[in-house]
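*Asks:* Given next are the chains, with one letter for each unit.
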Amino acid sequence: VRRTYWWLVCLAPRHLRERHGAEMAELFADAVERARARGRLAVALVWIGAALDIAAVWPHELSRRRRQRGRIGIPDQGRPIMLGSDIRFALRSLSRQKFATGLVVAMLAIGIAANVGVFSIVNGLFLRPFPFDDPERLMFFNEKAPRWNLEIVGINFPDFDQWRKDQKLFEALALWSTSSLNVADGNGAERVVAASVTHEMDDVLRVQPIIGRMFNGEEDSPKGEYVAVLGYGFWQQRFGGNPAVLGTTLKMNGRAHTIIGVLPREADTFPGDARLWVPFRGDPNQEGQSYGANGVGRLKAGVTAPHAEKDLLRAHQPIFDKRDRERIVFPFVQPLREIAVRDYRTAASTLSVAVGLLLAVACANVAAVMLARALARRREMGIRVAVGASRWRLLRQLFVENVVLAAIGGVLGLALGHWAIRILVAQLPDTAPPWATFGLDLRVMVFAAFASIATVLLFGWAPALHAVRGDLRSAMHNVANAAFTSVGGRRTLRVLVAGEFALATLLLIGGGLLFRAYDRVRNIDPGFDPHGVLTFTISLPDAIYNDAPKRLAFWDRAEQRMAQLAGARSVGLVNCPPFGCHWGSFYVAEGMPPRGANEASPVVLNRFATPGYFPTMGIRLESGRFFEADDGRRSEGQERIVIINQTFAKTYFPGVGNPVGRRIRSTGDNAPWNRIVGLVEDVKHYGLERPMRPGVYWPLAQRPVETMAIAIKTDGDPDALIASARTAMRELDAELPLFGVRSMEQALRRTLAVRTTYSWMLAVFAFTALLLALGGTYGVSSYLVTQRTREIGIRVALGARRGDIVRGVLHTSLAVAAGGIVLGVAASLGLSRFLESLLFGVNPTDALILSGAIAVLLFSALVANALPARRAARVDPMHSLRTE
Amino acid sequence: MNRYNTPAMKTREYYLLLALVGGARHGLAMAREVERLSDQEIKLWPATLYGTLDALNDQGWITESVQTPADESERKRFYSLTRAGRQALAAETERLAGVVRIARGRLKRAGEAS
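Read top to bottom, the protein sequences are chains A and B.
Heads up: the first sequence begins at 1 in this note's numbering, then just goes up one per residue.
Heads up: the second sequence begins at 1001 in this note's numbering, then just goes up one per residue.
For the record, the hints were derived by calculation from the structure and aren't laboratory data.
A portion of the hints provided could be inaccurate.
Some chain A residues judged to face chain B by a derived CB distance under 7 Å, without partners named [claimed, not checked]: (1) A12; (2) L16; (3) H20; (4) E23; (5) M24; (6) L27; (7) F28; (8) G49; (9) D53; (10) I54; (11) V57; (12) H60.
Even glycine gets a Cβ: it sits at the ideal position worked out from N, Cα and C.
Excised from the complex, chain B in its bound form:
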């Protein structure tokens, strides 16, 4: 538990929030961005992607806006970070950085001991 008293984020949630830092994007673009950010490690399947986006939306970390171009079939939902989402992302980043610091320290000591 971190100081916001929320459980640790799922990796894909973290990456999705991260993908939105640069501005609003739609689902397909986010999936590509996540793949790029994670060095092809994380592949988001359709149902998982949109399920996660809905969950983040429910949580109030992202908002969605529907842009309606002339062609109805081109309709896409665009997502952007909310304030709460930005804070959650920052908090999770801090938490991860803390974990990394501790882990580095221990590994270094273990390396010296052996």
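So that you can see chain A by itself, here it is in the shape it has in the complex:
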């Protein structure tokens, strides 16, 4: 304790420290000792108090010193705090040099604006609390199955029922799954995202319906009445916020639901982007398992996620005993925010670092400009010292100047940042969590203020140090001979330029690597041809289309009708289009050895498709055949058939040349065998960057499901088909809305949206850093050339050739730039492994990127220094010598 306190004592005024340091430490140790009895908070308060205490003696100390100075007769010029006059003086001296000031302010503003923009995203995603009470106690829970290679399986309702009875560490647990419902009234149908939630959801989120009530446990059961609680936005939009809506019915998926309540505004963002809540209606005694729901719970105070997870595992034990002896599926718990932002974490931290580096480059630039100015002002400073100004006074003056600059830069940066946020938000993919909002709030303001203060600290030290260093004699000497810059000043300038180049190199290499990764991902073969394909989804309400023949008949009619649309070349149906949903199950291959007990059992993606789907999507056949029109429709006893993808063939038939003709079946006791008739290439169903799972296509006729995506291939613009497709569907069934309407190219772009955004942002930052570094080296070498005019004049007079002069100037500047670049390359080699997870297999030491970045930097350094070098070469010896 005493040793740490000693660091604090070092900050105290010297005479206090030297006279009383030991006793102060003793007193402090005594205070800590007594506070310890009252807990950790009290100890922390003692520490804070001690720090404040030492800060508080300084004003007394300063006035004491002033009094003492007064006693020995030095003019007491520092007494009035002339802050106003300092600021006025700063503004005058800054406005005298409009160009330099403008440059500095612009650079600071750009640096701060970029930081504000990125920070607002970080703020929105990671810092801004959820709009619920004690949001840090909200936990996401779900089930995982490492042996099925599934991070999130989805929750099986009976499992949840078990947990909610046995768990002890949660205040409440709730289950939800989002689905979209057809909401129909007289004037047409609408697709509305709804959340099926268990009746505990209001307790978990701590929200109260603003009117009406939340549904109870009875309504949330398989036999319960159909009720709905509206979201605020939906209530406003569809019912104009009319409270009389309570008790009326809303027809959803062909069934009348009684409206019993309206949720407050904050519940609109959770779960998912649901617009209304309906009861989950889970059946604890359901047959078989159906994994698919998500869970959210509120921890009791003081409980951590790992403890809560252990608690759920304990509650899960009866299920292990009853039907999962191998412990394949089990629950896990994570903070809600973590699960929501996990896709953005690396990207966001990379961007934050990059934008911080950008600000550092801007600051180095500003420091260089200010230092050059300060060195040019040594004569002024010398005179002021000579006529009796104290160094303290001069330092204060310079400090005020810097603060004024940073304040202007900060305000401009904030304004620019406001605008940058809007651009950024427009660029953000719509896959961003719906609860995340971005914009200027208090936190962003505070951040901008801190960024501005940081810039003062970063750029202010060098000029201040050099302006007031050195003795009076040399300063006065400089009055007679203003052209000579101090060696130290020149060295600092070069260090700053080298630093800029190092940071710019780092950014360029990082940006280059990410951009190359982006390019690589973009050029991955998705396994299908997205050009000119429009997809949309239709969901048949089971109240009306209640058996398989009815559904199949509808899908047949829809396919035929869509094929008649003007411009449609081919049409196909599938339950899960690429980048869409997932329906997983497990298979057994005939004649292959069974899997080992501890081997991961691969989940297989099931898709139900019509024969037209394959040509419409341009899916490539490797061997065998596609589906034919009557596959799955012939009479009983017909052999069931499937098509598999390459990954399925590799996973289930390793070493078998061509699995077409072999048979597979689902796991389970009485599942029938299915003959493989075709082998197709993989479609990158989970995104271009994700590995594909084994996949099986079934003929739709064999199992007509309720929700299907319709894909239409056209030669022209797919968006032009939307209106006519909508009209045609309305003719078939006026109460069926189309949703998920997008072209396949759009869908593809959407999967790349996050990567596209951050790659471009990083590219922009890298380019800006490059520009700043160029400006910096240009400015510094121009300044140095001007300062050396006389020296160069002498050299020319003594017979140096122009080439020698140019070479001399270029040599130093390029050496400085090269030094910075070498440093930057070394740093990037050390740091790029942190990027690895974003690099998608691009080698962090990619030779092309490294050499490209070095070449660009060296070339631009050469260009930026060529101008000052030429100016140096044109120095007229007679003229330059005479001016002195």
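With the hints as your guide, set chain B onto chain A.
*Replies:* Just chain B now, with coordinates in the frame of chain A:
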């Protein structure tokens, strides 16, 4: 301003002088005594304590004497009241008593009026 023409004492200065009335003490003991006298109201942090002691010393109200025991690390500065310090303390006490008298009177009258 009182009759010694010095500004009113700071509370902690007053208490520190008061703590020395019983005889010489060192810093830590004074801090404890002040806490006891003020009923835990006034807590003296290290830098404030020694800064104030230096100020009182500069003013000539207290003197310090260094006792040097065998162990150098045990070295402590002891402070005691000077004559001037005792007078200043008495004057400040008088001043405070005057303020208290006036305040009591007014409060009493205000109580009767209402």
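*Asks:* Each of the hints needs a verdict: does it hold here or not?
*Replies:* Hint check results:
1. A12: With Cβ-Cβ at 5 Å, under 7 Å, it holds.
2. L16: Since the shortest Cβ distance to chain B is 6 Å, the answer is holds.
3. H20: holds, 4 Å
4. E23: Hint on E23(A): holds, closest Cβ of chain B at ~5 Å, below 7 Å.
5. M24: holds, 4 Å
6. L27: Constraint on L27(A) satisfied, holds at 5 Å.
7. F28: holds, 5 Å
8. G49: holds, 6 Å
9. D53: It holds, given that the least Cβ distance between D53(A) and chain B is near 3 Å, below 7 Å.
10. I54: holds, 5 Å
11. V57: holds, 4 Å
12. H60: holds, 6 Å
Checked against the numbered hints given earlier, this structure breaks none of them.
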